[in-house]
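Undergrad: Each protein sequence line maps, in turn, to chains A and B.
So that you can map any letter, position 119 of the first sequence is 119 in the UniProt record's numbering, and since no number is skipped, the others follow by simple counting.
So that you can map any letter, position 293 of the second sequence is 293 in the UniProt record's numbering, and since no number is skipped, the others follow by simple counting.
Watch out, some of these pointers could steer you wrong.
[Claimed, not checked] DEER-style ranges, computed between Cβ atoms:
{"#": "1", "chain 1": "B", "residue 1": "Ala92", "chain 2": "A", "residue 2": "Thr6", "range": "14 to 20 angstroms"}
{"#": "2", "chain 1": "B", "residue 1": "Ala250", "chain 2": "A", "residue 2": "Ala44", "range": "44 to 50 angstroms"}
{"#": "3", "chain 1": "A", "residue 1": "Pro36", "chain 2": "B", "residue 2": "Ala370", "range": "57 to 63 angstroms"}
{"#": "4", "chain 1": "A", "residue 1": "Arg114", "chain 2": "B", "residue 2": "Thr73", "range": "22 to 28 angstroms"}
{"#": "5", "chain 1": "A", "residue 1": "Val137", "chain 2": "B", "residue 2": "Val48", "range": "24 to 30 angstroms"}
{"#": "6", "chain 1": "B", "residue 1": "Ala375", "chain 2": "A", "residue 2": "Leu115", "range": "55 to 61 angstroms"}
{"#": "7", "chain 1": "A", "residue 1": "Pro36", "chain 2": "B", "residue 2": "Pro94", "range": "49 to 55 angstroms"}
{"#": "8", "chain 1": "B", "residue 1": "His49", "chain 2": "A", "residue 2": "Thr6", "range": "26 to 32 angstroms"}
{"#": "9", "chain 1": "A", "residue 1": "Ala110", "chain 2": "B", "residue 2": "Ile127", "range": "35 to 41 angstroms"}
{"#": "10", "chain 1": "A", "residue 1": "Ala110", "chain 2": "B", "residue 2": "Val48", "range": "24 to 30 angstroms"}
{"#": "11", "chain 1": "B", "residue 1": "Ala92", "chain 2": "A", "residue 2": "Leu115", "range": "26 to 32 angstroms"}
Source of the hints: derived by calculation from the structure; they are not laboratory data.
Here the structure is a predicted model, which is why all the values come from computation and not from measurement.
Cβ atoms here follow ideal geometry from the backbone N, Cα and C, with glycine treated the same way.
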Amino acid sequence: MTPDSTPRSQLVLRALVFLGPVVALVATGPAGHGPPWWLVVLVAVLAGAAAVAPDSPVGVGAGLVVLAWWTLSLRDGIPVSVAVAAVALTVGHLAALLASYGPRAMPLDAPTLRLWARRGALVLLTVPGAWLLARVVRGEPEQPGVWVVALAAACLAILGATAAMDVPEPKEPR
Amino acid sequence: MNGWRPTAALGRALVLGSLGLALALVAGEPGLVVLAAPFVVLAAVALVHRPGTTPTVAAALDHRSLPEGQGTTSRLTLTRVEDVEYVARSAARPPHLALRPSHGQVGRLLGADGPPVVEIGAQRWGIRMAGEEKVALYAPWAGFRCGPLHLPADPLRVLPTTAPYDSRAEAPQPLGLVGANRSQRPGAGTELADIRPFQAGDRLRRINWRVSLRTGDLHVVSTRAEEDTGVLLVVDALADQGVSEGVTGAASSMDLTVRAASAIAEHHVRRGDRVALRVVGRGAEQVGYGAGARHLRRLRDRLATLRVGELPEAETLTLGVTGGAVVIVLSPMLAPSVGTIVATLVRRGVSVLVVDTLPPGAAPAVAEGADPKVAALAWRMRLIERSVVLDRLGSLGCPVVPWHGPGTLDDVLRRLARRARMPRVVSR
Chain A
1 MTPDSTPRSQ LVLRALVFLG PVVALVATGP AGHGPPWWLV VLVAVLAGAA
51 AVAPDSPVGV GAGLVVLAWW TLSLRDGIPV SVAVAAVALT VGHLAALLAS
101 YGPRAMPLDA PTLRLWARRG ALVLLTVPGA WLLARVVRGE PEQPGVWVVA
151 LAAACLAILG ATAAMDVPEP KEPR
Chain B
1 MNGWRPTAAL GRALVLGSLG LALALVAGEP GLVVLAAPFV VLAAVALVHR
51 PGTTPTVAAA LDHRSLPEGQ GTTSRLTLTR VEDVEYVARS AARPPHLALR
101 PSHGQVGRLL GADGPPVVEI GAQRWGIRMA GEEKVALYAP WAGFRCGPLH
151 LPADPLRVLP TTAPYDSRAE APQPLGLVGA NRSQRPGAGT ELADIRPFQA
201 GDRLRRINWR VSLRTGDLHV VSTRAEEDTG VLLVVDALAD QGVSEGVTGA
251 ASSMDLTVRA ASAIAEHHVR RGDRVALRVV GRGAEQVGYG AGARHLRRLR
301 DRLATLRVGE LPEAETLTLG VTGGAVVIVL SPMLAPSVGT IVATLVRRGV
351 SVLVVDTLPP GAAPAVAEGA DPKVAALAWR MRLIERSVVL DRLGSLGCPV
401 VPWHGPGTLD DVLRRLARRA RMPRVVSR
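Could you put together the complete structure from these sequences and hints?
TA: Shown next as structure tokens:
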């Protein structure tokens, strides 16, 4: 390996970063709402940029476009392909997380990959559960007060996240 | 930036998770929860593992000094690592140092084995700045990162490797106290000088009974004294010619010079001789005469730190040649001043030999903007001048030998020793 070459683990991870959002977008096709070509190109460009610089916020853009397109594509029900899209998005996100552990020339060791494979599998267990729940909830009459509860929950979540992200500086020992 | 900061991955999970849920609520599409759920979980777990203590990081090399071709290890010392799960190191790549693994880019989960280490291999003598790197620490689930922290480099003294060298030749004019060189004066040694008639004061155990019985008079065996000699190494550091590819690759003129000087110094110090060093170059480094392992270490330290370049204008070169010393000049013989020094010493009757350290096929680096044809022509002219200087030195009686390891100096040292016993006229 030359000093500036990219190790195989980084190449695989960056390929997953690129493919994740693209696959998640294209997965609307089986549901009957295939994306237009320019949208695929847009997501591919954003995902490609995220693959080049996985530590940059550009990856969020690709995810947001995918979310927006799926919002428009879910009018007719909840197809299985939404679960495929969720898996693809999550795998792309985790690959970007691993790729951003270090510089491009840094290979990822096997124990780290195994740890994150286990974690990813655990996290992806939420996908079938959420899919089943969504199918049960869809079509149910709207409960009174659900918006108030949702808004309060969202506010609490934002407050909690803000407080959690603000890491307190440790006190200097006297 | 020393504290913990949220990572891009946490921000991405928060944005996609929260916006996915918000879109699900606003659009009334529970299917979007399927897309958002993994991100919500990832963000929540990362936030739960937010760190509370800031770790401290320091790096240290196992060795501060090592010979060419050998290696040391850069180790991280981490404290307050309760919240650290993963450590990534990205070391700078200084010239003439090899880094392993992955050229200094290494990361590992922080477990029982501790943080990852970076092995540093020294490929060329000199002072090398090793260990400059950036270190990033990650909290569990990679929600927060501490760093990258910049760690400064440490100087690593790379001593010249001892080129394979041995010599069985005696010194031309040993003039010292106790050593391994056969002296010209009689004394208590092991080398047979003569069998002569007994004189008052001779030791009885030196009587040669066979000759005494045959001649009828007492005869004794006389031997030559064994003395140490002074060896002055003159190192030409005016310029470095050729390409240096480290201890395993092509050698430049300075590589050959320094390694040969180190080998010759080690050989003579082990024989008990006194060795001194003078560097003809920008630093004008010098080490006085001395013997022993500590003195050898001092010589090699000084060789490792010599500075290549022209002599300062005001600098006067004093070699400090003592009586009976052998002067070994290690030079590519491209600078006229070195030729002048050698010729002057030879005319003074000093035993001088030149070790030619110009590597075969050496070519100068062409300055940017210079015409390569003109540079090649200038180099050829310089080589012709050099051959003229070498021929003139040869006609003066100064041997010039290319460095080729063991036995390089044997023949010329023997010839110098034979010549030293002959009468001669010197200019003073």
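Undergrad: Now look at each hint and say whether the structure bears it out.
TA: Do the hints match the structure? See the list:
{"no.": "1", "hint": "B/Ala92 <-> A/Thr6: 14 to 20 angstroms", "verdict": "holds, 19 angstroms"}
{"no.": "2", "hint": "B/Ala250 <-> A/Ala44: 44 to 50 angstroms", "verdict": "holds, 47 angstroms"}
{"no.": "3", "hint": "A/Pro36 <-> B/Ala370: 57 to 63 angstroms", "verdict": "holds, 58 angstroms"}
{"no.": "4", "hint": "A/Arg114 <-> B/Thr73: 22 to 28 angstroms", "verdict": "holds, 26 angstroms"}
{"no.": "5", "hint": "A/Val137 <-> B/Val48: 24 to 30 angstroms", "verdict": "holds, 26 angstroms"}
{"no.": "6", "hint": "B/Ala375 <-> A/Leu115: 55 to 61 angstroms", "verdict": "holds, 57 angstroms"}
{"no.": "7", "hint": "A/Pro36 <-> B/Pro94: 49 to 55 angstroms", "verdict": "holds, 52 angstroms"}
{"no.": "8", "hint": "B/His49 <-> A/Thr6: 26 to 32 angstroms", "verdict": "holds, 30 angstroms"}
{"no.": "9", "hint": "A/Ala110 <-> B/Ile127: 35 to 41 angstroms", "verdict": "holds, 38 angstroms"}
{"no.": "10", "hint": "A/Ala110 <-> B/Val48: 24 to 30 angstroms", "verdict": "holds, 26 angstroms"}
{"no.": "11", "hint": "B/Ala92 <-> A/Leu115: 26 to 32 angstroms", "verdict": "holds, 29 angstroms"}
Of the numbered hints stated above, none is contradicted by the structure.
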